[in-house]
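These protein sequence lines map, in sequence, to chains B and D. At position 79 of the first sequence (counting the first as 1) the number is 80 in the working numbering, and the numbers step up by one without a gap. At position 439 of the second sequence (counting the first as 1) the number is 763 in the working numbering, and the numbers step up by one without a gap.
Keep in mind the hints are simulated off the structure, nothing from the lab. It should be emphasised that the depicted structure is a prediction, and the values quoted were computed from it without experimental measurement. Here a beta-carbon is modelled for each residue, glycine too, at the ideal position from N, C-alpha and C.
Over 10 Å on every C-beta distance to chain D, these chain B residues come out as not near it, computed from the model: (1) Q6; (2) D7; (3) V12; (4) D30; (5) D31; (6) E32; (7) T33; (8) N35; (9) R36; (10) A39; (11) S40; (12) P41; (13) K45; (14) A49; (15) V102.
Below 20 Å or equal to it, Euclidean Cα-Cα: the simulated SDA-like pairs (lysine to any residue) are: (16) D:K537 with B:C28; (17) B:K77 with B:V54; (18) B:K60 with D:L459.
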Amino acid sequence: MTQLQDIVQEVRSKNAGPFWVTLEIFCTDDETFNRIKASPNLTKEKIAELYQVNSESMKRFDLETIRVIKYSFPRKNPSGHKYENDMHFGQQYVRLAEVVV
Amino acid sequence: MKTCKVLMPIGGLGAGINAEAFAIGMEMKPDIIAIDAGSTDSGPAYLANGMGKVSRGMVKSDLAISVKGAMTAGIPLFVGSCGTCGTDVMVDYCADLVIEIFKENGFSGRIAKVYSQQKPEVLEKKWDEGKIHALEGAPEITRQTFSECNNIVAVIGAEPFIEAYKNGANIVLTGRATDTAIIAALPVYLGCNVAAAWHGAKTVECGAQCADKADGMGVFLTVDEKGFAVRPLLPDAHCTPFTTAAHLLYENADPMRLVEPSGTIVADEAVYTQIDEYTTYVAGTKFEHAKQYTNKLEGASITGYQNISLVGVANRDVLADPERWVRNFSAHADKQLKKAGFSPDEYSYNFKLYGYNAVIEGPVPEGTPPPREIGVLLTVTAKTQETATQVAKVFNPLLLHFPPHFNMDLPSYAFPFSPVDCPRGATYEFKLFHVVDVDDPLELVRFEYLDIK
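Kindly generate the complete structure, drawing on both the sequences and the hints.
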């Protein structure tokens, strides 16, 4: 069972302003990039499910020249709401990094 | 050929400018020093309270280096989004520090204070005129939201910086600004390529994060009539086509279309070329001028008061199923709260089990061994601090003794503090993710000039 984190250079997550968050997968070579790009477990719908958000507002960008796949979506609550668990969303990449590909 | 050289000595004011890197930057003869002092990343409290995140001493230290550099070289210094949130009071706070620095060094010159905080009445009028629009992902608002916010700021573009510069300011200190406007303003004014100015600004707005060694030590941006060149200040770092292009992703929802008050940066056809060991040159960016100039609005308000308690648990039976313990605990606490006279609509509470699933919420993956210990953080929220604290006090004895099952002696868990609960003060929320149409880029902006002799 290969996890995403076993085959890519980096998986990272970050807030993008108070209302959006973003996830990025950096691949070292074209082969991995194409494999990730086609993975059925990394579709917009699957990522929306993983982060429990509406798939309609999930955006995905496949950036071939720098071999990056990026997802952006509105966060469930604005950053710093009363029971915030990760203001900067900086640790939430782990969930994505553990996806089996 | 028109060019403009921008020294960006640090990703954020107060992070601690490296004097050696700064000196290298000054040797490259910049036309301006630009620094971003703001961020909403650390949550709504800063804006709601009108306070800064960074220690005063660190802000003054970075300002001192930058003001001395600018005044000695005879070039302007632009500081945007003063004091993290960019409220009027934080512009004044930064201005007071600059005045101190002027006096300590015997400088004379003009300081511009550029305010962009908004009164609710102004925005209510805009609301009535249909000139306030929600961005995708914005919360629902009503006309009342503006007066419910503790503070609201308009995020300014490049034009107010230019206005202050044209009026002879040596140091321009502004309220909330887009990170890019602070950097793009002068290159745009001097007639450089507009798309390159904005794209270059976006690239360097976090300092050396666009280099291969993100030590935060600043970057040097040169914008000309065709494109822009970017390089880090310290010789152990490099801006490569990859690091330069990759930075456009950082903290941006859409990496190829970046919206500014005056238009949109379109970067999907940009070409990145390494021109020397340290420097990447970028050309081919486009800028779509907006038909309607807009300022983004940021607003935050108090939504309640909190009390927090932290207790450590190493008991094996609790750790075998920590969530079951929390469920039983909560059911018992709810009964106790009723006895103490609280109705459920007066309070809410939340448990975070650090070491278990506080950071990555939800069920832990199957087969995960129990942790050796966890930190249990209880947060209580109520309309007043007194209610939150009194509710927390009902929890206190349970946090100390609540057992994993009842056929055992009562355990005592590990408290680090006395008193065991801590009134945390207010909790806040961002309320606005909207833009406002303006007739003029300076419509929502106010200027004050201080001439120091």
